[in-house]
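Q: Sequence:
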Amino acid sequence: MEVALFVPCYIDQFYQNVGVATLQLLEKVGCKVTFPLQQTCCGLPLTNSGFANLARLCDTNFVKNFTGFDYIVAPSGSCVLHIKEHLHDDKYIGESLQIRNTIYELTEFLRNSQYRTVVGNRSTWREKYYSICC
Numbered sequence: 138m139e140v141a142l143f144v145p146c147y148i149d150q151f152y153q154n155v156g157v158a159t160l161q162l163l164e165k166v167g168c169k170v171t172f173p174l175q176q177t178c179c180g181l182p183l184t185n186s187g188f189a190n191l192a193r194l195c196d197t198n199f200v201k202n203f204t205g206f207d208y209i210v211a212p213s214g215s216c217v218l219h220i221k222e223h224l225h226d227d228k229y230i231g232e233s234l235q236i237r238n239t240i241y242e243l244t245e246f247l248r249n250s251q252y253r254t255v256v257g258n259r260s261t262w263r264e265k266y267y268s269i270c271c
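Throughout the sequence shown, residue numbering follows the working numbering, covering 138 to 271 in sequence.
It is worth saying that the hints were derived from the structure and are not from the lab.
Beta carbons: idealized from backbone N, C-alpha and C, even for Gly.
Be a bit skeptical, because a hint or two may be false.
What the hints assert, rightly or not - So the derived label-pair ranges between C-beta atoms look like this:
{"hint": "1", "residue 1": "D149", "residue 2": "L218", "range": "33 to 39 angstroms"}
{"hint": "2", "residue 1": "S186", "residue 2": "K165", "range": "35 to 41 angstroms"}
{"hint": "3", "residue 1": "K228", "residue 2": "G187", "range": "30 to 36 angstroms"}
{"hint": "4", "residue 1": "N154", "residue 2": "E245", "range": "31 to 37 angstroms"}
{"hint": "5", "residue 1": "A189", "residue 2": "M138", "range": "17 to 23 angstroms"}
{"hint": "6", "residue 1": "G205", "residue 2": "D227", "range": "16 to 22 angstroms"}
{"hint": "7", "residue 1": "N154", "residue 2": "R237", "range": "24 to 30 angstroms"}
{"hint": "8", "residue 1": "G167", "residue 2": "A189", "range": "37 to 43 angstroms"}
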């Protein structure tokens, strides 16, 4: 099973350790992780600022980078929800739908996938609560 790691722009810019920790955790539970190098923002900041038309450029890039993976996992609930509800590319309608159905927030993925048996219901790892930004 191949998992694509989506690292949202704010994590890439301000909290790189979260992206690295996400990669390490996914590998620790046995995922084969791919990090698409041309990924950028999901478009949420543009959409929230009233520039949904410009966010379409992010949609096209997202589809090009994340098509064909079994799962897409990101350590951000707000970005994942934005992709699930708003990702659309007129040229790649089927691919957009496939991505919308296979993207998960990290804890949602671990809780609801086969990897739950690896992680279990309790964790000895340090955990952090992130208060949503939007």
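Q: Now, for every hint given, state plainly whether the structure supports it.
A: Do the hints match the structure? See the list:
One distance hint, 33 to 39 angstroms for the beta-carbon pair D149 and L218, is violated here, with the actual separation near 18 angstroms. The supplied range of 35 to 41 angstroms is met by S186 and K165, whose beta-carbon atoms lie about 37 angstroms from each other. For K228 and G187, the Cβ-Cβ distance of about 24 angstroms falls outside the hinted range of 30 to 36 angstroms, so the restraint is violated. Between N154 and E245 the beta carbon distance is about 21 angstroms. The supplied range of 31 to 37 angstroms is therefore violated.
For A189 and M138, the Cβ-Cβ distance of about 33 angstroms falls outside the hinted range of 17 to 23 angstroms, so the restraint is violated. For the pair G205 and D227, the supplied restraint of 16 to 22 angstroms holds, since their beta-carbon distance comes to about 19 angstroms. Roughly 28 angstroms separates the CB atoms of N154 and R237, a value that falls within the hinted 24 to 30 angstroms. The hint said 37 to 43 angstroms for the Cβ distance between G167 and A189, and at roughly 38 angstroms that hint holds.
Against the hints set out earlier in the document, violations occur for numbers 1, 3, 4, 5.
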